[in-house]
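Read top to bottom, the protein sequences are chains A and B. Note that our numbering has the first sequence beginning at 1, numbered continuously upward. Note that our numbering has the second sequence beginning at 88, numbered continuously upward.
Incorrect hints may appear among the rest.
Unchecked claim - Computed, partial: chain B to chain A, Cβ under 10 Å:
#, residue
1, ILE107
2, LYS113
3, PHE118
4, SER130
5, ALA197
6, GLU207
7, PHE323
Said to hold, decoys possible - Examples of chain B residues lying across from chain A (beta carbon under 10 Å, computed):
#, residue
8, ALA105
9, GLN112
10, ILE124
11, ASP131
12, ILE137
13, ASN144
14, VAL168
15, PHE193
16, SER203
17, PHE206
18, PRO366
19, SER368
The hints are simulated quantities; they were obtained by calculation from the structure and are not laboratory data. Quick reminder that beta carbons are idealized off the backbone N, C-alpha and C, glycines included.
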Amino acid sequence: MKSLPLEKITRVTTILTIGSLLFALNSFNSMAAAQSKTGVDIDSLGPQVGDAVPRFELSDQNGNLQSLDSILGPNGGMLLFHRSADW
Amino acid sequence: MELQDRLEELQSAGIGVAAISYDSQKTLSNFAERYEISFPLLSDNNSAVISEFGILNTIVQESLGPRAKDPDVTEDVYRFVAAEVMDSQFPQLRRMINGTPFPGTFMLDANGVVASRYFEEFYRERMTTSNVMLKEGIALNPIAAIEGSSAQLNFRAYPSNPVVTNGSRFSIAVDVKPNENMHVYGPGAENMGYQVIKLNMAPSEYVSFESMEYPESEIYHFKPLDEHVPVYQLPFTILQEAVVAASAEKEEQLREINALTLSGELEYQACDDAICYLPVSVPVTFTLEFDHLDYQRAR
Chain A
1 MKSLPLEKIT RVTTILTIGS LLFALNSFNS MAAAQSKTGV DIDSLGPQVG DAVPRFELSD
61 QNGNLQSLDS ILGPNGGMLL FHRSADW
Chain B
88 MELQDRLEEL QSAGIGVAAI SYDSQKTLSN FAERYEISFP LLSDNNSAVI SEFGILNTIV
148 QESLGPRAKD PDVTEDVYRF VAAEVMDSQF PQLRRMINGT PFPGTFMLDA NGVVASRYFE
208 EFYRERMTTS NVMLKEGIAL NPIAAIEGSS AQLNFRAYPS NPVVTNGSRF SIAVDVKPNE
268 NMHVYGPGAE NMGYQVIKLN MAPSEYVSFE SMEYPESEIY HFKPLDEHVP VYQLPFTILQ
328 EAVVAASAEK EEQLREINAL TLSGELEYQA CDDAICYLPV SVPVTFTLEF DHLDYQRAR
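Given only the sequences and the hints, what does the whole structure look like? Please build it.
Okay, here's the thing in structure tokens:
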């Protein structure tokens, strides 16, 4: 087996180093953006992309019981969580 | 209400809509009547579903518990709940908010699996429904669109929302349709000396412009120079993310304002298989209605 020329190895190493440095910087940035003082990370809360959301049954404004199935359309749904309609 | 205004477009895209909050059915019924809301507003009165989803705002609880005086808790309440709540003399305000979720939106597929999610990092900011729709590729009927055409392309530029308020996180969309045999440049092409298409918005006192969102480009082989360049040849949409100032100070300044004018330029360069045209810059101006925050409570 032929060994790689030294120059090439150095270059590969440099790229890897820059790559991991960038990665480290990126993850640092996203952590800074997403993490709070008390450790709440909103991006990690609740169902993630690819997860099925919990099933539920709740009454709507007219007193009708609604579930995930009754809400979803043929192409899916938009489910919003609001703080309150009252304030 | 914005979501109600977009309901028809969501329904024609086959997307069902519902909003969940901890309000009582009576509160929701009043709210629905006042704003003529026809989609389901679901009452999760004991926050059971909010908790099961795992998005209960626990910071409010912290601010009522043994760590109430912890500066870290205070800082988080400022960021995720409301400065007014923490500064208030009345702990009942905090108790009232206890049980609310971190506000956000899940886009679900037909089986109830999360396709994408939008949650805010700062309580004063709110992604508009129309912005979510644009990001999801759900067609909007643009209201105040600017149209333009040249020998190389047609474009249509419009804000996701004709009406914004403090903290609205919206988009300016540009639908671009290159003419036949024509292409414009996507991100990455700047390294080869081409002008990537972009919206260059002038700084505004009340609106900050954040990142631009591009769809995936295709690689074009430009034979005369044997270059492989990221381009768009088919119709595509780029989005410029924008946020209306939400600080208390700006809110005060905006009190007397009823409209926001935003101007900038659409910059692009178009080429066909033989000729590269010079970069072009087309001025664009949008006027958005400014709506003041509604502090009225339901009765």
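Each hint, compared with the structure:
1. For ILE107 (chain B), the interface hint holds, since its Cβ comes within 10 Å of a Cβ in chain A; the closest pair sits about 5 Å apart.
2. Against a cut-off of 10 Å between C-beta atoms, the interface hint on LYS113 (chain B) holds, since the closest Cβ of chain A lies about 9 Å away.
3. With a least beta-carbon distance of about 4 Å to chain A, the hint placing PHE118 (chain B) at the interface is held under the 10 Å criterion.
4. Interface hint status for SER130 (chain B): upheld, as the beta-carbon distance to the closest one in chain A is roughly 5 Å, under 10 Å.
5. A least Cβ separation of about 5 Å between ALA197 (chain B) and chain A falls short of the 10 Å threshold, and the interface hint therefore holds.
6. For GLU207 (chain B), the interface hint holds, since its Cβ comes within 10 Å of a Cβ in chain A; the closest pair sits about 8 Å apart.
7. Of the supplied interface hints, the one on PHE323 (chain B) is violated, with its beta-carbon coming no nearer than about 21 Å to a beta-carbon of chain A, more than 10 Å.
8. The criterion of a C-beta within 10 Å of any C-beta in chain A is met by ALA105 (chain B), whose closest approach is roughly 4 Å, and the hint holds.
9. Of the supplied interface hints, the one on GLN112 (chain B) holds, with its beta-carbon coming within about 5 Å of a beta-carbon of chain A, less than 10 Å.
10. For ILE124 (chain B), the interface hint holds, since its Cβ comes within 10 Å of a Cβ in chain A; the closest pair sits about 7 Å apart.
11. Interface restraint check: ASP131 (chain B) against chain A, minimum CB-CB distance 6 Å, threshold 10 Å, status holds.
12. A cut of 10 Å between beta carbons decides the hint on ILE137 (chain B): the least distance to chain A is about 7 Å, and the hint holds.
13. At its closest, the beta carbon of ASN144 (chain B) sits 8 Å from a beta carbon of chain A; the interface hint therefore holds under the 10 Å criterion.
14. Nearest Cβ of chain A to the Cβ of VAL168 (chain B): about 9 Å, under the 10 Å cut. The hint holds.
15. Using the Cβ-Cβ criterion of 10 Å, the hint placing PHE193 (chain B) at the interface with chain A is satisfied: the shortest such distance is roughly 5 Å.
16. For SER203 (chain B), the shortest C-beta to C-beta distance to chain A is roughly 6 Å, which falls under 10 Å, so the interface hint holds.
17. Annotation: interface hint on PHE206 (chain B) holds; nearest CB of chain A at approximately 5 Å, less than 10 Å.
18. Hint status for PRO366 (chain B) relative to chain A: violated, with the closest Cβ pair at about 30 Å, above 10 Å.
19. Restraint check, SER368 (chain B) versus chain A: the minimum CB separation of about 32 Å is more than 10 Å; hint violated.
Hints 7, 18 and 19 from the earlier list are contradicted by this structure; the remaining hints agree with it.
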